[in-house]
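S.K.: Chain residues, written in single-letter form:
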Amino acid sequence: MLRLDHVGRRFGGVEALRDVSFGLDRGAFVALLGPSGCGKSSLLRLIAGLDAPDTGSIAWDGGAPRPGQIGFVFQDPTLLPWFDARDNVALPLRLAGVPKRAARAVAEAALARVGLTEAARRLPRALSGGMRMRVSLARALAPRPRILLMDEPFAALDEFTRHGLQEDLRALWRDSGVSILFVTHSIDEACFLAPRVLLMRSHPGRIADDLASPAPRAARDDVARLGFVADLARRLAVMAGERS
Amino acid sequence: MKYMAYLSMPLCLLAWEIAVRVLHVPPYLVPGPVAIVVAFAADWQGLLHALGVTVLVMAVALLVSVLVGVALASLVAASRLARALVQPWAVFLQVTPVVAIAPLLIMWIGDPFTALVLCATIVAFFPIFSSTLAGLSAPPRDLRDLFRLAGASMWREILWLRLPAALPMFLAGLRISGGLALVGAVVAEFVNGTGGAETGLATQLLEAQYRLQVPRMFACVLLLALTGFAINFLLGQLQTALLRRFGAIS
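Here the protein sequences line up with chains A and B, keeping their order. In terms of our numbering, the first sequence opens at residue 1 and continues consecutively. In terms of our numbering, the second sequence opens at residue 1 and continues consecutively.
This is chain A alone, in the form it adopts within the complex (with noise of 0.2 Å):
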């Protein structure tokens, strides 16, 4: 579905990324794991078309994505605090030119998918941090995206809403059938969630390893799981030591 090859990006003389190449298919649920500074939004920013990258190609199966058919979470879930969730969640559906009440009207069934139903009329200042983030991945979803972009989402959140929000995020990849890219520093949430994991290095920042889980859709506490958590700290913490 979507294709990198051989991108980089510079920022004046800083060099935030050289050569990165690679696909992911349709319905492809990868993570984007690295440490902070390794040009991991600096990536995202570039498929969402945010950016342009100096050199190298991003091509997209069946042409360049039309407006909304890519979906993008912050790290900050980034609500207008003058719309209520509803409103919230059908602006990319507005701002597509979808009339207000069949936007209003989606955004509540998606409001329905994330649990949020009981919400739908809150400002954002009466939602907690989970439940913002919640509106703000329903607001990616509502107009059915190509493919969702995830800028290190939960990172900002507490561990209890982290991991419900994790599972939530699981549940929903399944049932949607949606492709995620998700970036995250969290070795473990990269593990969780993704049955492939690509690992990026900094300085500048490329593709350093592209591997799979070897249990994709195992629980939290699965031995398999663990032991490529294990795996993928020992690949960074090599990292981290040939640069140091």
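Because the hints were derived from the structure by calculation, they are not lab data. Just so you know, these numbers come straight off a predicted model, no measurement behind them. Where is the CB? At the ideal position from N, CA and C, for every residue including glycine. It is possible that some hints are incorrect.
[To be verified] If you anchor each label on the Cβ, the simulated ranges turn out as follows:
{"#": "1", "chain 1": "A", "residue 1": "Ser57", "chain 2": "B", "residue 2": "Leu85", "range": "37 to 43 Å"}
{"#": "2", "chain 1": "B", "residue 1": "Gly151", "chain 2": "A", "residue 2": "Arg10", "range": "24 to 30 Å"}
{"#": "3", "chain 1": "A", "residue 1": "Gly177", "chain 2": "B", "residue 2": "Ala134", "range": "42 to 48 Å"}
{"#": "4", "chain 1": "A", "residue 1": "Ala112", "chain 2": "B", "residue 2": "Arg245", "range": "23 to 29 Å"}
{"#": "5", "chain 1": "B", "residue 1": "Ser153", "chain 2": "A", "residue 2": "Asp222", "range": "45 to 51 Å"}
[Unchecked claim] Non-contacting residues of chain B with respect to chain A, defined by C-beta distances greater than 10 Å in every case (computed):
{"#": "6", "residue": "Val30"}
{"#": "7", "residue": "Gly32"}
{"#": "8", "residue": "Val55"}
{"#": "9", "residue": "Ala78"}
{"#": "10", "residue": "Thr96"}
{"#": "11", "residue": "Asn232"}
Could you slot chain B onto chain A? The hints should help.
M.R.: Only chain B this time, still in chain A's reference frame:
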């Protein structure tokens, strides 16, 4: 501490009255509060009517400043050409003292009310324009990205994102402009001078000055100061209510 805020004003007035009586300061130099109240009571209807005229000039000027300031700030935020065309003139109006151009405006326009409104608008316009423009120019990057990903047009981005995001900045500018509109109206009245059927409080102040009615002058000044307080208070209430309604504060 809270009560001190309410007590400080009466205590100061009391001290003032005692000082002018004990020191035998003549009322044509510094009148005491009682003499000022007596001067106000002697022609309270005339003074309040004049205040109404000044407040009307101020209110119309503030309304025009809001409409023109927000419209121009939106235009400048949306277009680099508009920025290049409008911003130098906005700065020009801000740095030019209104007393320097008021006589020309009064002479050119002819109708005193329109001229006074225009002068007060020139004074009040810039804080609204500049603060709204600053707010329009600085919505969070993630939200701008969200609108770009959804294919939003520039004008929809301005209406749905930038203008609401600029509300706190706009309201802060409005609060400053409220006071400035009153100052602008008073300055314009001073320049316009006395005469005409509908004269404002500044004109009454000028007349009182010519006649050496110092207590009446003080009454005019105090009325203007109280009006300034009231404007500031009302705009502060509006600021809190709107920010609460639109989710910017809890």
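S.K.: Each hint needs a verdict: does it hold in this structure or not?
M.R.: How the hints compare with the structure:
1. About 40 Å separates the C-beta atoms of Ser57/A and Leu85/B, a value consistent with the hinted range of 37 to 43 Å.
2. Checked against the hint of 24 to 30 Å, the C-beta distance between Gly151/B and Arg10/A comes to roughly 28 Å, which is consistent with it.
3. Taking 42 to 48 Å as the suggested C-beta distance range, the pair Gly177/A and Ala134/B conforms, at roughly 44 Å.
4. Distance hint check for Ala112/A and Arg245/B: the Cβ-Cβ separation is about 27 Å, which falls inside the suggested range of 23 to 29 Å.
5. Roughly 49 Å separates the CB atoms of Ser153/B and Asp222/A, a value that falls within the hinted 45 to 51 Å.
6. Every C-beta of chain A lies more than 10 Å from that of Val30/B, the closest at about 51 Å, which supports listing it as non-interface.
7. No Cβ of chain A approaches the Cβ of Gly32/B within 10 Å, the least distance being about 51 Å, so the stated non-interface status holds.
8. Every Cβ of chain A is farther than 10 Å from the Cβ of Val55/B; the closest lies at roughly 31 Å, confirming the non-interface assignment.
9. Every CB of chain A is more than 10 Å from the CB of Ala78/B (nearest about 17 Å), matching its label as outside the interface.
10. Residue placement check: Thr96/B keeps its beta carbon more than 10 Å from all beta carbons of chain A (closest about 37 Å).
11. Chain A leaves Asn232/B outside its interface by the beta-carbon criterion, the shortest separation being 25 Å against a cut-off of 10 Å.
Taken one by one, the earlier hints all hold for this structure without exception.
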